[in-house]
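So the protein sequences, as listed, match chains A and B.
Mapping of the first sequence onto full-length UniProt numbering: position 9 corresponds to residue 9, and the numbering continues sequentially without gaps.
Mapping of the second sequence onto full-length UniProt numbering: position 145 corresponds to residue 145, and the numbering continues sequentially without gaps.
In short, the hints are calculated from the structure, not lab data.
Quick caveat: nothing in here was measured; it's all calculated off a predicted structure.
It is possible that part of the hints are untrue.
A few chain B residues facing chain A, derived, Cβ under 7 Å [what the hints assert, rightly or not]: (1) F74; (2) I76; (3) F127; (4) L131; (5) A159; (6) P183; (7) L184.
Ideal Cβ positions, reconstructed from N, Cα and C, are used throughout, including at glycine.
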Amino acid sequence: MRVALDFWPVLAQWPLLLEGAAWTLGLTAVATLLGSSVGVACAWARVSGPWALRVPAAAYVELIRNTPFIVQLFFVFFGLPAAGIRLTPLTASILAMTINLGAYATEIVRAGIQATPRGQIEAAESLALTRLQVFVHIVLPPALKRVWPALTSQIIIVMLGSAVCGQISMEELSHAANLIQSRNFRAFEAYILATLVYLGLAILVRRVLHWAGQRFVFGS
Amino acid sequence: MVEFTLWDILRNLLLAARWTVVLSLIAFAGGGAVGLVLLVLRLTGNRVADAAIGAYVQLFQGTPLLMQLFLLYFGIALFGVETSPWMAACVALILYASAYLTEIWRGCVAAVPRGQWEASASLALGFGQQLAHVVLPQALRIAVPPTVGFLVQVVKGTALASVIGFVELTKAGGMIANVTYEPLLVYGCVALIYFALCFPISLYAGSLERKLHVGRR
Chain A
1 MRVALDFWPV
11 LAQWPLLLEG
21 AAWTLGLTAV
31 ATLLGSSVGV
41 ACAWARVSGP
51 WALRVPAAAY
61 VELIRNTPFI
71 VQLFFVFFGL
81 PAAGIRLTPL
91 TASILAMTIN
101 LGAYATEIVR
111 AGIQATPRGQ
121 IEAAESLALT
131 RLQVFVHIVL
141 PPALKRVWPA
151 LTSQIIIVML
161 GSAVCGQISM
171 EELSHAANLI
181 QSRNFRAFEA
191 YILATLVYLG
201 LAILVRRVLH
211 WAGQRFVFGS
Chain B
1 MVEFTLWDIL
11 RNLLLAARWT
21 VVLSLIAFAG
31 GGAVGLVLLV
41 LRLTGNRVAD
51 AAIGAYVQLF
61 QGTPLLMQLF
71 LLYFGIALFG
81 VETSPWMAAC
91 VALILYASAY
101 LTEIWRGCVA
111 AVPRGQWEAS
121 ASLALGFGQQ
131 LAHVVLPQAL
141 RIAVPPTVGF
151 LVQVVKGTAL
161 ASVIGFVELT
171 KAGGMIANVT
181 YEPLLVYGCV
191 ALIYFALCFP
201 ISLYAGSLER
211 KLHVGRR
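Okay, chain A solo, but in the shape it has when bound (with noise of 0.2 Å):
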């Protein structure tokens, strides 16, 4: 049995790969800018917020990380509608991705925070600062330096979970290929295709978010 792979017919149609790609790394980006103010807010919230804000924010945590992203997807987008809730794949896709990393970010950010040494929030407070000010200008900075690769690591598994996104028919890469296969039947190659492109985005976020980590984020 040979196996004959023909690339082209799915090269021909790399507009639409590239769209995908588009897609994909908006969502992420998106994702990422939403997810994080979740889990930044969540994690201040499981140390030093009042019990009331305390325990669901633990259930929000666990309740994401136990479940599938394909699970969630699905009841944000077939499940809401039934409780009167109608979204768009787009917002529902935006919507699940936000609310899976930020419960992961939740968790990485609160490691962060936790190693915050005793003492500086002692001088801050000594200094005359709120709350807010100090989990501001002297907590958060530092605990994001510190967990700063566990973030991207997390930001780059939401990307790549995003592939599930094409099932409730957002057009991203992994729509995109489906598509591409259906026109011309070229399955496999379709899908090496669009999985290599993956691969590049994942070491393209990589990259940025190290660069912007240090520009924008803490400082270097």
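Go by the hints and put chain B onto chain A.
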């Protein structure tokens, strides 16, 4: 029109959950076996094997599991072998698990002090004996908590097999949601069953982790 009670939904989901468990166990056991072979190959110090396995790990960790499933599903067929979703899902998840486990275990072996290798070499133990009697028993102690933690990843990963048509918990949930017109309830139940499977494993991994580090605090 047939009426479905909550018990009908739950019972069918639980029946489908068996396949999630079976697929998870196959992927975990198979991935562990392949991962162990890759680990030993890497430890022999052969440069080519090291680079090749490093690339293998990067490939599986840097691409979506969903794409790996599609590639296996369509790729095995290219070689003229009749594929089923069942076989493609097993092979893909075994390869996926092996890449992660071999990397986790490599870290654990690296955590065994260098002197242990040197001391055992000075006692004229061969490579196999060094591994079997000195290094791996010590690495195993460190390896258990992250390995148990990775099992949660595997269970959640099996949900993607639904996309290539393997009827496990998620796929069954979709089918039941379609006939009952109650997607909110059905997907809620699906999520809770996954939670019931994964949360105890997470708790166990966490307690193992704390036990391991208890001496260092």
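Verification of the supplied hints:
1. A distance limit of 7 Å between C-beta atoms decides the matter here; for F74/B the minimum to chain A is near 4 Å, and the interface restraint holds.
2. Interface restraint check: I76/B against chain A, minimum CB-CB distance 10 Å, threshold 7 Å, status violated.
3. Violation of the interface hint for F127/B is found here, the shortest Cβ-Cβ separation to chain A being roughly 33 Å, above the 7 Å cut-off.
4. Nearest Cβ of chain A to the Cβ of L131/B: about 29 Å, over the 7 Å cut. The hint is violated.
5. Using the Cβ-Cβ criterion of 7 Å, the hint placing A159/B at the interface with chain A is satisfied: the shortest such distance is roughly 4 Å.
6. The beta carbon of P183/B comes within 4 Å of a beta carbon in chain A, closer than 7 Å, and the hint placing it at the interface holds.
7. The beta carbon of L184/B is positioned within 7 Å of a beta carbon in chain A (closest approach about 4 Å), and the interface hint is therefore held.
Going down the numbered hints, you'll see the structure goes against 2, 3 and 4, while the others check out.
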